[in-house]
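2 protein chains.
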Amino acid sequence: IRLNRDKDLKNLLDDFHYADIAEILDELDLEEAMYVIKLLDSETTADILMELDEDNREKVLRNLSTKEIAEEIAELDTDDAADIIAELPEERRQEVISQIEDEEHKAEITELLKYDEDSAGGLMAKELVKVYDTWTVAGCLRRLRGQAKEVTRVHSVYVVDKQEKLVGRLSLKDLIVAKNEQKIADIYISSVDYVNVNDDAEDVARVMQKYDLEAIPVVDDNMKLLGRITIDDIVDVMKEEAERDYQLAAGISQDVEADDSIFELTKARLPWLLIGMFGGLGAATIITGFQTAMKDFTILLSFVPLIQATAGNVGVQSSAIVVQGLANDTIKGEIFKRLFKEFLLGLVNGIGIALIVLPISHFLFGTEYLVSLTICVALITVIVIAALIGTFIPIFLDKRGIDPAVATGPFITTSNDIFGILIYFLIAKLILGF
Amino acid sequence: IRLNRDKDLKNLLDDFHYADIAEILDELDLEEAMYVIKLLDSETTADILMELDEDNREKVLRNLSTKEIAEEIAELDTDDAADIIAELPEERRQEVISQIEDEEHKAEITELLKYDEDSAGGLMAKELVKVYDTWTVAGCLRRLRGQAKEVTRVHSVYVVDKQEKLVGRLSLKDLIVAKNEQKIADIYISSVDYVNVNDDAEDVARVMQKYDLEAIPVVDDNMKLLGRITIDDIVDVMKEEAERDYQLAAGISQDVEADDSIFELTKARLPWLLIGMFGGLGAATIITGFQTAMKDFTILLSFVPLIQATAGNVGVQSSAIVVQGLANDTIKGEIFKRLFKEFLLGLVNGIGIALIVLPISHFLFGTEYLVSLTICVALITVIVIAALIGTFIPIFLDKRGIDPAVATGPFITTSNDIFGILIYFLIAKLILGF
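Protein chains in written order, with this note's numbering: chain A, -17 to 416; chain B, -17 to 416.
Take these hints with a grain of salt, some might be off.
With a straight-line Cα cutoff of 30 Å, these simulated DSS-like cross-link-like pairs (lysine-lysine) come out [said to hold, decoys possible]:
1. A:161 with B:192
2. A:221 with A:192
3. B:249 with B:108
4. A:323 with B:161
5. B:41 with A:319
6. B:221 with A:319
7. B:161 with A:165
8. A:88 with A:144
9. B:112 with B:192
Selected chain B positions facing chain A (in silico; Cβ < 7 Å) [what the hints assert, rightly or not]:
10. 104
11. 189
12. 191
13. 222
14. 253
15. 255
16. 258
17. 265
18. 271
19. 274
20. 285
21. 321
22. 412
To spell it out: a stretch of chain B is covered by chain A in this simulated footprint if at least three of its residues, at any positions, have a beta carbon under 8 Å from a beta carbon of chain A; those stretches are [to be verified]:
23. 94 to 101
24. 142 to 152
25. 322 to 330
Keep in mind the hints are simulated off the structure, nothing from the lab. All C-beta atoms, glycine included, are put in the ideal place defined by N, C-alpha and C.
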């Protein structure tokens, strides 16, 4: 790039896939990236734009005039075009839209901008191939040649009636195999999966995954065909969902990456650390409260980390399984049955761990018989209660319409820390009678 | 089902999608499920089998004769067929294969069984539509009608030369748009993405996702076309990968579900609890060691849970970001630069938390000036070190070829617990001089 040998560079990049060029540009600084973008034609750069990291795309867009952006957008499918425009600041949006030359493209993009980005409408593209049920196979093939040129990839051909209502689908394969004089009405498949334009993006993902679909038509409340969603967009939805759940479980509250600024990372991480901090201070209050009363049994304090770590680990395990089950829609049936199972599971794990800790505490730490008993009874109780809390909270949140994924990680760890330590000392008081 | 009105039931189920029937069967007990399966024709039941929960599928297969399984398999694509056979116990496998009537299907399935299930070969299907570059468009269309009948969904048409080597691809759209007398050699697209049969499944997923592919051809080392992988299989790979990482972060070591038996769940959870237990016992050793020395400062013990929780939370946050970055291949550049950034980040977060804890500990807990100072210095140090450990360990594991995802969750929490408490008491010793 330093050498500015434009032509060589352009020839070199022409052989690259746009996703690869985007990866290279993500590594360059802004000035260099802009230089490369201006060098390439708008068809390639439009695709590159879509593949750039979101932060970098924002920077690049800021350095392009509204006219240049409108030119890029002219090359994109409606769904990608709407996504780009939605990322622009409010005041530039209208300007870019007004500069799109193709009136139909403009109207379609404007329509897509109305939908919530996490809904089926926000994911769908207007580009699709549709045929009327009254056409013949030959006429259909002829018209398809026209329609297909405008659509990047043809997945399914949707069949509509005169009112533009979705009635079925036609696979290209069936069309190729059919005879010329047959009517579409005779060969189309009337069982067609579809989603409503207001459906949640994650629900669309689940439907497409369940039925192994590669594209799904989107309709309004009157079954009018509005657009289609393809599996590549759903793959992105699934990936984002998985990453968000993973980050929530780790106590990170926004979509951050390792390369984000320290400020961004702190904003995502500090709130959860503060939750943990208040939990820790709560535990400190409990311990301080018991400390004077239990002067003769200070050895109990040595086992606080054991109790705490176990409570946290069990809670995270239980909640993670429930959160995943809820996401996959496999959690059904009575909540009490499920809690009873967790109770049994906690009992088994608790007794297992207590049986190991009992001799270790007694022989290695030389604790008295009653102290060892206290530790073991507390461990079992804490494990059972942590398992129950870890199971109950996500189910409770889910029933209230809150994303259960927030319940894993620091949230469950912190509440279990406090409960665990409180239970520990209460049991100690009961058994040792201080 | 109780009423045994076979015909009504069959008619009812005929209207259902096989994925829905599979969902219903997963809820029934084995006897009822077998009853329904025997009622339906093998084309439907083969698809249902693929959608059943793995445990239930195993039970159903155990209740079918090898001949019945061979009949089901005859209805499946080669990739699904090979997956089913691979799930059978060794001794039944050969028997089932020998009962497949279609010799070509049998040979293809046998070939697929050779590949590792986590490789491109393990994912691919033999069903694909291929054309030779010497054909004309008209001849190609004619032959396609024959080939397409055998392939469930036509994604791309692959173009091979006389040696069966992959030279390019042909989209059905191009074929429809082209003129009859053109040669395939003139209209095919020579830039085609492909994967090697030995490539890792997760790498295939990354390639298909990066380039937004819906199907990718699989070749051997000599570029000979062996099969194709479709996006729906990749969606499953991605989902499994995400679930496994999530479970590892939560301290669950196998692919378990909320509905698995208590024994299965214990097997997956207890090992991680034991790691936490040994960590807790380690912490107990440290505390006991310091306890007598710090008689005058027993208030320090109250803040152990705070130190421990903070160390654990920071460690999990740092490692989760790195693990995700490694999975997305966005972690590049010098490891020291990254560690320095974590150092700064830890410092910022640490000072922030210390500034809140300082007045609280001083006024609410009435700790002396030096004790408050000890707690705050320890907090900052522990946060910085936990962040560094959380960043370093996954990168280190990744360089050694170990899945970095194991480093999150209980593993990092436990090591940070011990380090955190040790650092806390060492700093206390330094500042308070006991």
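Do the hints match the structure? See the list:
| no. | hint | in the structure |
| --- | --- | --- |
| 1 | A:161 with B:192 | violated, 39 Å |
| 2 | A:221 with A:192 | holds, 16 Å |
| 3 | B:249 with B:108 | violated, 37 Å |
| 4 | A:323 with B:161 | violated, 66 Å |
| 5 | B:41 with A:319 | holds, 24 Å |
| 6 | B:221 with A:319 | holds, 28 Å |
| 7 | B:161 with A:165 | holds, 24 Å |
| 8 | A:88 with A:144 | holds, 25 Å |
| 9 | B:112 with B:192 | holds, 24 Å |
| 10 | 104 | violated, 18 Å |
| 11 | 189 | violated, 10 Å |
| 12 | 191 | holds, 6 Å |
| 13 | 222 | violated, 11 Å |
| 14 | 253 | violated, 11 Å |
| 15 | 255 | holds, 6 Å |
| 16 | 258 | holds, 4 Å |
| 17 | 265 | holds, 4 Å |
| 18 | 271 | violated, 9 Å |
| 19 | 274 | violated, 9 Å |
| 20 | 285 | holds, 5 Å |
| 21 | 321 | violated, 12 Å |
| 22 | 412 | violated, 21 Å |
| 23 | 94 to 101 | violated (count 0) |
| 24 | 142 to 152 | violated (count 0) |
| 25 | 322 to 330 | holds (count 4) |
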